[in-house]
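Enquirer: Could you build the full structure based on these sequences and the hints that come with them?
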Amino acid sequence: MKSLVSRLRQPAPAWLRYFGWNTDHKVIGVQYLVTTFFFFLVGGALAMVVRTELLQPGVDVVNGTQYNRVMTNHGSLMIFLWVIPVLAGFGNYFVPLMIGARDMAFPRMNALSFWLIPPGGLLMIASFFAGAAEAGWTAYVPLSIRTPDGQTLWALGVIVLGTSSILGAVNFLTTIVTMRAPGMTLWRLPLFVWGIIATSLLVLSATPVLTAGLIMVALDRLVGTQFFAVAGGGDPVLWQNLFWFYSHPAVYIMILPGMGIISEVFPVFSRKPIFGYRMIALSSLAIAVLGLTVWAHHMFTSGMDPRLRIPYMVSSMVIAVPTGVKIFSWLATIWNGKLRFTTPMLFAMGFISQFLIGGLTGIFLAAIPVDLHVHDTYFVVAHLHFVLFGGSVSAIYAGLYYWYPKITGRMYDERLGQAHFWMNFIGMSLTYLPMFLAGLQGMPRRVADYDPNFLVPNQLASFGGFLLGISVLPFLYNAFVSLRSGKEAGGNPWRALTLEWQTSSPPPQHNFEQEPVITHGPYDYGEGHLAPHPAGAPAAGE
Amino acid sequence: MEYTKPMHEDAFRAGRALGLDHLKLGVWLFIGSEVMFFGGLIAAFLFYKVNNPTPESALLDVGLVGINTFVLLASSLTVVSALAAVGRGDVASMNLYLIATIVLGVAFLSGQAYEFVSLFRHGLTLSSSVFGSSFFTLTGFHGLHVLVGVAWALSTFFRGMRGNYTRDEHIGVEVFGLYWHFVDIVWIVLFTVIYLI
Amino acid sequence: MESPAPPVTRRPISYALVFLVLAIITAVELGVKGLGLPRAATNVLFLLLSLGKATMVAAFYMHLRRDSRMYTAIFLLPVILFVVFALLTIVI
Numbered sequence: 121m122k123s124l125v126s127r128l129r130q131p132a133p134a135w136l137r138y139f140g141w142n143t144d145h146k147v148i149g150v151q152y153l154v155t156t157f158f159f160f161l162v163g164g165a166l167a168m169v170v171r172t173e174l175l176q177p178g179v180d181v182v183n184g185t186q187y188n189r190v191m192t193n194h195g196s197l198m199i200f201l202w203v204i205p206v207l208a209g210f211g212n213y214f215v216p217l218m219i220g221a222r223d224m225a226f227p228r229m230n231a232l233s234f235w236l237i238p239p240g241g242l243l244m245i246a247s248f249f250a251g252a253a254e255a256g257w258t259a260y261v262p263l264s265i266r267t268p269d270g271q272t273l274w275a276l277g278v279i280v281l282g283t284s285s286i287l288g289a290v291n292f293l294t295t296i297v298t299m300r301a302p303g304m305t306l307w308r309l310p311l312f313v314w315g316i317i318a319t320s321l322l323v324l325s326a327t328p329v330l331t332a333g334l335i336m337v338a339l340d341r342l343v344g345t346q347f348f349a350v351a352g353g354g355d356p357v358l359w360q361n362l363f364w365f366y367s368h369p370a371v372y373i374m375i376l377p378g379m380g381i382i383s384e385v386f387p388v389f390s391r392k393p394i395f396g397y398r399m400i401a402l403s404s405l406a407i408a409v410l411g412l413t414v415w416a417h418h419m420f421t422s423g424m425d426p427r428l429r430i431p432y433m434v435s436s437m438v439i440a441v442p443t444g445v446k447i448f449s450w451l452a453t454i455w456n457g458k459l460r461f462t463t464p465m466l467f468a469m470g471f472i473s474q475f476l477i478g479g480l481t482g483i484f485l486a487a488i489p490v491d492l493h494v495h496d497t498y499f500v501v502a503h504l505h506f507v508l509f510g511g512s513v514s515a516i517y518a519g520l521y522y523w524y525p526k527i528t529g530r531m532y533d534e535r536l537g538q539a540h541f542w543m544n545f546i547g548m549s550l551t552y553l554p555m556f557l558a559g560l561q562g563m564p565r566r567v568a569d570y571d572p573n574f575l576v577p578n579q580l581a582s583f584g585g586f587l588l589g590i591s592v593l594p595f596l597y598n599a600f601v602s603l604r605s606g607k608e609a610g611g612n613p614w615r616a617l618t619l620e621w622q623t624s625s626p627p628p629q630h631n632f633e634q635e636p637v638i639t640h641g642p643y644d645y646g647e648g649h650l651a652p653h654p655a656g657a658p659a660a661g662e
Numbered sequence: 056m057e058y059t060k061p062m063h064e065d066a067f068r069a070g071r072a073l074g075l076d077h078l079k080l081g082v083w084l085f086i087g088s089e090v091m092f093f094g095g096l097i098a099a100f101l102f103y104k105v106n107n108p109t110p111e112s113a114l115l116d117v118g119l120v121g122i123n124t125f126v127l128l129a130s131s132l133t134v135v136s137a138l139a140a141v142g143r144g145d146v147a148s149m150n151l152y153l154i155a156t157i158v159l160g161v162a163f164l165s166g167q168a169y170e171f172v173s174l175f176r177h178g179l180t181l182s183s184s185v186f187g188s189s190f191f192t193l194t195g196f197h198g199l200h201v202l203v204g205v206a207w208a209l210s211t212f213f214r215g216m217r218g219n220y221t222r223d224e225h226i227g228v229e230v231f232g233l234y235w236h237f238v239d240i241v242w243i244v245l246f247t248v249i250y251l252i
Numbered sequence: 122m123e124s125p126a127p128p129v130t131r132r133p134i135s136y137a138l139v140f141l142v143l144a145i146i147t148a149v150e151l152g153v154k155g156l157g158l159p160r161a162a163t164n165v166l167f168l169l170l171s172l173g174k175a176t177m178v179a180a181f182y183m184h185l186r187r188d189s190r191m192y193t194a195i196f197l198l199p200v201i202l203f204v205v206f207a208l209l210t211i212v213i
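Protein chains in written order, with our numbering: chain A, 121 to 662; chain B, 56 to 252; chain C, 122 to 213.
Calculated directly from the structure, the hints in this document are not laboratory data. Heads up, a few of these hints could be off.
Stated by the list, open to error - Every beta carbon over 12 Å from chain C, so not counted as near; a handful from chain B, in silico:
1) Leu73
2) Leu114
3) Gln167
4) Glu170
5) Gly198
6) Val203
7) Arg217
8) Gly218
9) Asn219
10) Thr221
11) Ile252
As the list claims (entries may be wrong) - Partial pick of chain B residues on the chain A-facing surface, computed with a CB cut under 7 Å:
12) Phe67
13) Gly70
14) Ala72
15) Leu80
16) Met91
17) Tyr169
What the hints assert, rightly or not - Interface residues of chain A toward chain C, partial, derived using beta-carbon atoms under 8 Å:
18) Ser325
19) Val357
20) Leu358
21) Leu412
22) Ala416
23) Thr421
24) Met424
25) Asp425
26) Leu428
In this text, a Cβ means the ideal position worked out from N, Cα and C, and glycines have one as well.
Expert: Right under this line is the structure:
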């Protein structure tokens, strides 16, 4: 009894703070990372159902309606509850640290941004009990106003998650503009911060339009408005405009912070200044601006005004230029570098090769004749997954491994990490490369059944998919076990120059013992006087 | 509960060097996103106005809405006068202007409610046609923003009564004003695209 | 600390005067609408007048005229984006 009372009087253990309302950006960052990874696992489990169903022709494991529900929620969870918010999680943890601030500009609003995520996710998952959304993550009307009630919950969930994004974007931009430490000028911002700037601008410009569109869908379903009811004069193309005005920029929302992570990883593990710092920073802004002008390239087959097709094709293709600037700058950064093939470095290199395939097939799809041919086939599925899985998820893994020592104070197990990388890389290629072939041969997407001619690519894709599913296990094991048994990381195990590494791991609540004063760029490697550690101390992975 | 240390006095010095207040910057960024929210709704309204015109728009009573427009414009004057008053250190006048703002905001909402009811009587509802859907959704969300503005005005008023604002510290009044004027600007645009053109 | 900004010599435009102009423009709009002229003739006029009103509220009541240019940019860029989006949506 006595011991119980005294135990109750003790301050709550440190880990408890991750389970409640907390305004420390580092706590919120971890809350984001862990919560979104949970949704990643749920979305991944749904993907396993999809690949099991497609293991052979015929409708066997789930029926057509169930397949549509699984496929729809797989996409929605992965986009709205994994890739977009997990990158906001990295932003929360590292943007204040990287610019030398004590916290975000609006800490309470920051906590609110996070606490909107679990309800949004629960709304989406709860929809399974009310006849889940089954109109695809694109929720095309009029299908999405005729499906069962779960679609309404889905729409409300996405509105809530969009609101969380918007509040986060306001917070990031305000923090970066007003809270930089002395000497942290515009051209000394780490490139991850530039990625967050570009993404936040996109979120502010595009997400509210999706919110407006989803409100119309919800009103059509709930109170009988006629926005998309074709019989009442509603027009489905309006939804496509509203949806793609957000959802095309959304792919840049999902890739620009990832590109920022890649830009952090390459110079550190190449021990070289990044090549073309300003061009990489400006190309993020260029992608953001161009990304807002290309949405109708998703609508080439929707009967749009033919005069507008060519301009949309051209503007879509132009995005390859700033993207190419980034890729060549990264290659030039590792050229002749003193490379350390740590797990984050491997994921960063995997990112380049896989994102390149995704990006190049994006140019194919922007070409009107090709798009008319492969529209709504598996070619699109393969392209999208090379960009979002090969691109964004590789970058997220790179970031998780790169910053694991900073967040936890412990090193992860390098052998397990590398095993994870190879399983992920092989699984990814095996899953999505055959889909290009199936798509070119005309296999339609979003169907539970298929022509037996497509058996081989589908079986390859399913085996690859299962390998991807298993590949999460070494990661999870590594992440949990290293929390206790990992080697002490120290403040700066990678001997990196960016500010988040110039404090202890994990950082104290106020981030820095003394307010940092910045006198050099974030990637000025190879200049002796900047060595952040006593000379001779080997960096991890060397 | 965890005790959170107030932020360092100098935390926002990078913003100050640029002449930017962090709260004001945050509110402006939020207003920027609100532009796009109303942008989506207005685009939908115009889409149907151009591509699917209906005779129902003749039911709208421009005269009544004109009066409402004057009411909202006047409320912007009272809001900006409240800010000017607190800038002089005249908190009492500020509170009076805020009360006037609340009264005008409620008057606007009442006028809108009256307009909605009379349109219902003529058979124009949310579900009667695409015009009804887009009209009520657009003006309804503007009305909701006015309602939020009235609530914000009330909270500003009570803070003012408690003496939270002084001649030198009144950023809260200013950012409330930014929101209110933005809602006024939205109305100026809606009045034109719905009732005039 | 920076040296204080030089005192503003220009007399600030009175808020009441701004309101008067806004009210007059609105009255003109209502008057023109009441004339029942053909739409093609009046639409451009209405758009220009309302653009003027919105600009006045933003410039004088929201103080964009004397505040940091960054606020103006944050407000103006989405407005331009909205106009582009609305026009293209209607055309598509």
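Enquirer: Taking the hints in turn, state whether each one holds.
Expert: Hint by hint, here is what the structure shows:
Listed as outside the interface, Leu73 (chain B) is inconsistent with that label: its C-beta sits roughly 7 Å from the nearest C-beta of chain C, within the 12 Å cut-off. No beta-carbon of chain C is positioned within 12 Å of the beta-carbon of Leu114 (chain B); the least distance is around 15 Å. The Cβ of Gln167 (chain B) lies farther than 12 Å from every Cβ of chain C, with a closest approach of about 17 Å, so its non-interface assignment holds. The Cβ of Glu170 (chain B) sits about 15 Å from the closest Cβ of chain C, beyond the 12 Å cut-off, so the non-interface label holds.
Here Gly198 (chain B) stays apart from chain C, with its beta-carbon at least about 19 Å from theirs, past the 12 Å limit. Taking the minimum C-beta to C-beta distance to chain C, about 17 Å, the non-interface status of Val203 (chain B) holds against the 12 Å cut. With a closest Cβ-Cβ approach of about 26 Å to chain C, Arg217 (chain B) is found to remain outside the 12 Å limit, as its non-interface label requires. Its beta-carbon lying about 25 Å from the closest one in chain C, Gly218 (chain B) satisfies the requirement of being farther than 12 Å from that chain.
With 12 Å as the threshold on Cβ separation, the claim that Asn219 (chain B) sits away from chain C holds: the shortest Cβ distance comes to roughly 21 Å. With a minimum CB-CB distance of about 19 Å to chain C, Thr221 (chain B) clears the 12 Å threshold, and the non-interface call stands. Non-interface call for Ile252 (chain B) relative to chain C: violated, since the shortest CB-CB distance, roughly 5 Å, does not exceed 12 Å. For the restraint placing Phe67 (chain B) at the interface with chain A, the shortest Cβ-Cβ distance is roughly 5 Å, inside the 7 Å limit, so the hint holds.
A least Cβ separation of about 3 Å between Gly70 (chain B) and chain A falls short of the 7 Å threshold, and the interface hint therefore holds. The closest approach between the C-beta of Ala72 (chain B) and any C-beta of chain A is roughly 9 Å, which is over the 7 Å cut-off, so the hint fails. With 7 Å as the threshold, the beta carbon of Leu80 (chain B) comes within range of chain A, its nearest partner Cβ sitting at about 5 Å, so the hint holds. Annotation: interface hint on Met91 (chain B) holds; nearest CB of chain A at approximately 4 Å, less than 7 Å.
About 21 Å separates the beta-carbon of Tyr169 (chain B) from the nearest beta-carbon of chain A, more than 7 Å, and the hint is not met. Of the supplied interface hints, the one on Ser325 (chain A) holds, with its beta-carbon coming within about 6 Å of a beta-carbon of chain C, less than 8 Å. For Val357 (chain A), the interface hint holds, since its Cβ comes within 8 Å of a Cβ in chain C; the closest pair sits about 7 Å apart. Evaluation of the Leu358 (chain A) hint against chain C yields a held restraint, the C-beta minimum of about 7 Å falling below 8 Å.
Annotation: interface hint on Leu412 (chain A) holds; nearest CB of chain C at approximately 6 Å, less than 8 Å. Nearest Cβ of chain C to the Cβ of Ala416 (chain A): about 6 Å, under the 8 Å cut. The hint holds. For Thr421 (chain A), the interface hint is violated, since its Cβ never comes within 8 Å of a Cβ in chain C; the closest pair sits about 13 Å apart. Nearest Cβ of chain C to the Cβ of Met424 (chain A): about 5 Å, under the 8 Å cut. The hint holds.
Among the interface hints, the one on Asp425 (chain A) holds; its C-beta lies about 6 Å from the nearest C-beta in chain C, closer than the 8 Å criterion. Interface restraint check for Leu428 (chain A): the shortest CB-CB distance to chain C comes to about 6 Å, inside 8 Å, so the restraint holds.
The earlier numbered hints that this structure contradicts are 1, 11, 14, 17, 23.
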